[in-house]
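Protein chains: 2
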Amino acid sequence: MVFKLALAALSVSLAAGSAVAQIKPEDAIKFRQSGYTFMAWNMTRIYANVNGTYNKEEVIKAANAIQAVANSGMGALFLPGTDKGTGWEPTRAKAEFWTEREKVGQVGGAFNKEANEMAKVAATGDAAAVKEQFGRLAKTCDNCHDSFKAKR
Amino acid sequence: MVFKLALAALSVSLAAGSAVAQIKPEDAIKFRQSGYTFMAWNMTRIYANVNGTYNKEEVIKAANAIQAVANSGMGALFLPGTDKGTGWEPTRAKAEFWTEREKVGQVGGAFNKEANEMAKVAATGDAAAVKEQFGRLAKTCDNCHDSFKAKR
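For the protein sequence lines, the chains are R and S, in the order given.
Going left to right, the first sequence walks through residues 1 to 152 as the numbering used here numbers them.
Going left to right, the second sequence walks through residues 1 to 152 as the numbering used here numbers them.
Hints are computed from structural coordinates only; laboratory data are not their basis.
Accuracy of the hints is not assured; some may be wrong.
Each pair may be met inside one copy or between any two copies, as identical chains are not told apart.
As the list claims (entries may be wrong) - Taking lysine-lysine pairs in the BS3-like style, the calculated list, with each CA pair at most 30 Å apart, reads:
1) 149 x 24
2) 103 x 149
3) 94 x 149
4) 139 x 103
5) 103 x 131
6) 84 x 131
7) 56 x 113
8) 24 x 94
These numbers were taken from a predicted model, which means no experiment stands behind them.
Please model the entire structure based on the sequences and the hints provided.
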């Protein structure tokens, strides 16, 4: 078996005897930017469904994707040394992300809670409830961005 | 509620009366590159676990993330007009992706099958079985890349 993608192209190496993949700072930034951007696509899909013709299956797929990314443990990608640097683009994480740990935990926890709830509500197919939950979830995205993501 | 991220920054607009978000070609390319790159991170995590110290919970998170991305319906991001263009970087999708639809369906279907199986196997916590399934899943990634993704 040749696993070319991650080990060659992304140059992730494995420390002997360690379960922790040694990720280059620029790859960590790229991975987290990818996770957030992938969630953004899925947010736009839910938004389009609750403001247009509702497709239960599409909303379930989108909500499950957001939930899985939210629960994936992306905090591990905010490694020391990744407060500056360029992944797909220069990181927009503010210095406060590394200094205000308690607040980061609060806004992150709120996001996870609402993402998990979004998946549950999506499964019911209740478009009105999905629209309400979408608002609550989007608010948690905004709360984090307002505090910890630099404006362009 | 202000949903700033996707609607402002990514400029996704909604056609009146349509459930289909009108995605700009460059955003569609960026979204799909994000999905694949996010999966790559999670593949490296599983690889690190089966070749180092095994952490059942981390493998479950990673496998669930891959599964949800695989099942999210990313085919919708290969819109007409996105065979060329730049998202995070110029697309590396080959022209064959749009002409060899049957083969795309086969390799995509194989990938989805193995991604779903990966999540099931991860849930058991059986490291040896996860290692085997990781090999099968990675093979489906490589198969698609060999046929449809241009080398750098």
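Cross-check of the supplied hints:
Taking the shortest alpha-carbon separations for residue 149 and residue 24, both the intra-copy value of 21 Å and the inter-copy value of 24 Å come in at or below 30 Å. Taking CA atoms no more than 30 Å apart as the test, residue 103 paired with residue 149 passes inside one copy only; the shortest distance there is 13 Å, against 41 Å between copies. Only within a single protomer do residue 94 and residue 149 lie at most 30 Å apart by alpha-carbon distance; the minimum there is 6 Å, versus 35 Å between protomers. Within a single copy, residue 139 and residue 103 get their C-alpha atoms as close as 15 Å, which meets the 30 Å cut-off; across copies the closest is 42 Å, which misses it.
In the homo-oligomer, the alpha carbons of residue 103 and residue 131 lie at most 30 Å apart inside one protomer (27 Å), although the nearest pairing across protomers, at 38 Å, exceeds that limit. Taking identical chains as interchangeable, the C-alpha atoms of residue 84 and residue 131 are never at most 30 Å apart, the minima being 36 Å within one chain and 35 Å between chains. Proximity of residue 56 and residue 113 under a CA criterion of 30 Å is satisfied in both settings, with 21 Å inside one chain copy and 22 Å between copies. Within a single copy, residue 24 and residue 94 get their C-alpha atoms as close as 19 Å, and across copies as close as 28 Å, so both meet the 30 Å cut-off.
Taken one by one, the earlier hints fail for this structure only at number 6.
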